[in-house]
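Asks: From first to last, the protein sequence lines are chains A and B. Positions in the first sequence are counted from 1; adding 35 to them yields the working numbering. Positions in the second sequence are counted from 1; adding 1144 to them yields the working numbering.
The hints are simulated quantities; they were obtained by calculation from the structure and are not laboratory data. Given the structure is predicted, the values throughout are model-derived calculations rather than measurements. Careful: at least some of the hints might be erroneous.
Unchecked claim - Each computed EDC-like pair below joins lysine to aspartate or glutamate, with the alpha-carbon atoms no more than 16 Å apart:
#: 1; chain 1: A; residue 1: Lys144; chain 2: A; residue 2: Glu80
#: 2; chain 1: B; residue 1: Lys1382; chain 2: A; residue 2: Glu154
#: 3; chain 1: B; residue 1: Lys1392; chain 2: A; residue 2: Glu151
#: 4; chain 1: B; residue 1: Lys1617; chain 2: A; residue 2: Asp62
Claimed, not checked - Quick list of simulated restraints, FRET-style, between CB atoms:
#: 5; chain 1: B; residue 1: Phe1655; chain 2: A; residue 2: Gln86; range: 52 to 58 Å
#: 6; chain 1: B; residue 1: Pro1636; chain 2: A; residue 2: Met192; range: 38 to 44 Å
#: 7; chain 1: B; residue 1: Glu1167; chain 2: A; residue 2: Met72; range: 39 to 45 Å
Heads up, the beta-carbon is just placed ideally off N, CA and C, and yes, glycines get one too.
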Amino acid sequence: MSEKAKSAKEHNYESGLAVVAADKIKDPGLEPHRVRMTDKSPAHERAANRQVAALFILSAIGSVAAIVAYFAFPLTDDLGTVRANTWWLGISITLGLFGIGLGAVHWAKTLMPDAEVSEERHQTRGSDEVRARAIEIIKLADQESGFTRRKLIRRSMYTALALFPLPAIFFFGDLGPSPADSLRHTMWRKGTRLAKDPDGTPIKASDVTLGSIFHVIPAGLEDLHETKLEEKAKAAVILVRVDPADLIESEERKSWSYDGIVAYSKICTHVGCPVALYEQQTHHLLCPCHQSTFDLVDGCKVIFGPASRALPQLPIAVDSEGYLVAQSDFNEPVGPSFWER
Amino acid sequence: MSNSTTTKPKGSFLANRANYLDERVGVAGILKEFGRKVFPDHWSFMLGEVALYSFVVLLISGTFLTFFFQPAMTEVVYNGVYGPLKGAEMSIAYASTLDISFEVRGGLLMRQVHHWSALMFVAAAGLHMLRVFFTGAFRKPREINWLVGFLLFVLGMAGGFTGYSLPDDLLSGNGLRIIDGMLKGVPVVGSSISSLLFDGEFPGHAIVARLYSLHIMIVPALIILLLAVHLFMVVIHKHTHYSGPGRKDTNVVGYPLMPVYVAKAGGFFFIVFGVIMLIATTFTINPVWNYGGYDPSPVSAGTQPDWYIGWLDGALRLAPSHLEFQGLGGTWSFNILIPLLVGVLFLVVVGAYPFIEKWITGDEREHHVLDRPRNAPVRTAVGAAGVTFYAVLWAGAATDLIATHFKMSLNHVLTSIQILLLVGPVFAFWVTKRIALALQRKDREIVLHGRETGRIIRMPHGEFIEVHEPLDKYEMYKLVDFKSYQPTLARPNSEGKITVAARVRASLSKFYFQDRVTPVGQVELAAAAHHEEHAPAIEAKPETKKPAAKKAAPKAAAKKTATTKKASTKAPAKKPAAKKAAPKKK
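Kindly produce the complete structure, drawing on both the sequences and the hints.
Replies: See the structure below:
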């Protein structure tokens, strides 16, 4: 199938499926050079000379201006100074950079020779002599070290080399604890009050008017220090009151809501973004990251988007003082799915 | 090198310096070897340069930022100058980012230079890759360098992601939350990997410092290493050039490194730096102070990653609902695994493309003259399909913004984009291939009959014709200097078996080359010129295929079917041209 290139000048390789045409139109060779104005007119050459110098001088001015700007536009408590500082520094440095860049390119384009030259390109592979010498070296190395001959050494070396990086893998073991059970539990307990995010004031059932939405954290979250964000990342809840008649509730979940007030995990079951958008008219909850949509009145089931599972529901009740409290922790792990769940 | 521009020791100041250097580091030999190295000139060769220079700017601005940024997640109460956040609890990382922005002179400028140059780096690297792809610059001997460049592109994305997660603001924190969710979706080991990465539960107190190590050390070190390899190979291979008069696979035509390319490329670095500086001065990017520190509960609408991560985010969004199953002892989150697989598979195909094409063509020659995209219609069409696939995924990351800006239903936008993801690449392939073939035929026509001058003349017998002006030989050569490929047949191997691989290769080569257009040869050109003498502007198409067919015929008997097949597949391609010629004749 393949035809070798005939010309001695062409590199010799298999051409595969390429058709090497016998009657290819002849290469006319390099185009004649076109003379530029700066090549033939001394006036143009002098002008270009001045332009390049002017650009370089402009650059120098820009760089000096940047130093001046650094001191002339200090930062104070007034945030407006940030704008002035950034602008004057940036614009003068830009001038410093453009001056050099344009000057150099202009110089090359107008005053340096612009006749294209041709340089020979050699085959990437070494010449036959070079390759023969390379093979000879390898053979010599093999012979002198006995690499092929000494099987025992070779194989034991392979073993040693294969094993030596392995400890490194184990060294990463202490990067973090094993996940254990923490992913299954949140800080919600029986009787934990539902509190407003972020200030932590407890919410009374009577505060929750029809159609209103509360972003909820467990009371006491504020007192945590080390693990506050980790707990919040699991315990965040969305609380909404809808007309009890609208609610579609399964038998066992009838007692999880209170007078039309339902609480659902705010952490998306897709990849964990907060499901923060509530559409009051349709009672849909929408995750702004990947648009998973959950039907709040129907157990927060997925009605659109990449999520698969409904948002977990937090069973709630009201304590003696009228505050909303959790009946227990969530009955399933919150947030993105994981293998062991 | 800069102070050794002259190598002739004349006793001048420069000559003495040069002599000093040469006697210690042998600079004369280096200059002799590289000083007049020839580089071809074309605007599209600047794209890689832009990427390289953006990376240098990244290093410069990034180093400045490391002097001020503190990669710690310990909570502090903010007491800086930015009023709206005074008294807020936030991580040290976020607080120090605010300090860089508002309390370090030029700090905000440098942050913006860094971010813009990162965007520029990935964009330029991507465009450079497209240039290399569509011109076939990845062909032998440059397949390995394509792979290196591909890894650089992936590392660019990694550098970008690890970088924009560092300020620990609300937006980037949600990005990490998504990474956490994706990791957890990995079967069997997902939650362990997440726990290792975040040192326990998300968000933990470790991730910023860990990303910082990756971002300022591992990723840039790898990029620098691969850049060195990338450029070293450019020196070994010498740069490719576009086809044209005097440009061959055995030479390189252009300007010498010194002085022309030192001035042009050196100057261009300052221009790229200047453009980044100007953008950074005038356009705000990533105003983290507006977002607030990371908090797992709030999120802003329109949450999106930086643009180069968008296609992966889009893949996540486009996954259909309810793809999660229980089985084999665990949870299978296909709504996460499929997008991940699609992303990985896409990257693998991109990285492996040169090897795939090489396998199909069996071409062992070195290619230093670039293809014009139209002269490789199927490759160009495959590229267009790939670009479309990427672009649709990318648009997928903006479904919500498209819906709100154009006042459309979010659900309809998403469904349309899902459909477009499947249909778009096929359509793009078809359209691109048709356009490429049409352009090739147009080239043939111009070569054979010259270019249209727009001058209409009336013949003595009343016919109106347009005068065609023949091309000069240099212009013409640009249009005929390319190779065409013949589809192959599945042939038995030495054991007499036709392997599956051979069949696949045969059908792929048919897919690639069955309706190719061949370059105009001397015979055809002479025939057209002959025709022209009698009747200008008349097509000479019918003759065109004969030389190729004749040449193929005497070859192996097994190939006879291939030849006839080829002839038959080409017939429909010929017809429109012939038809077009007919009315002209009248």
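Asks: Of the numbered hints stated earlier in the document, which are not met by this structure?
Replies: none
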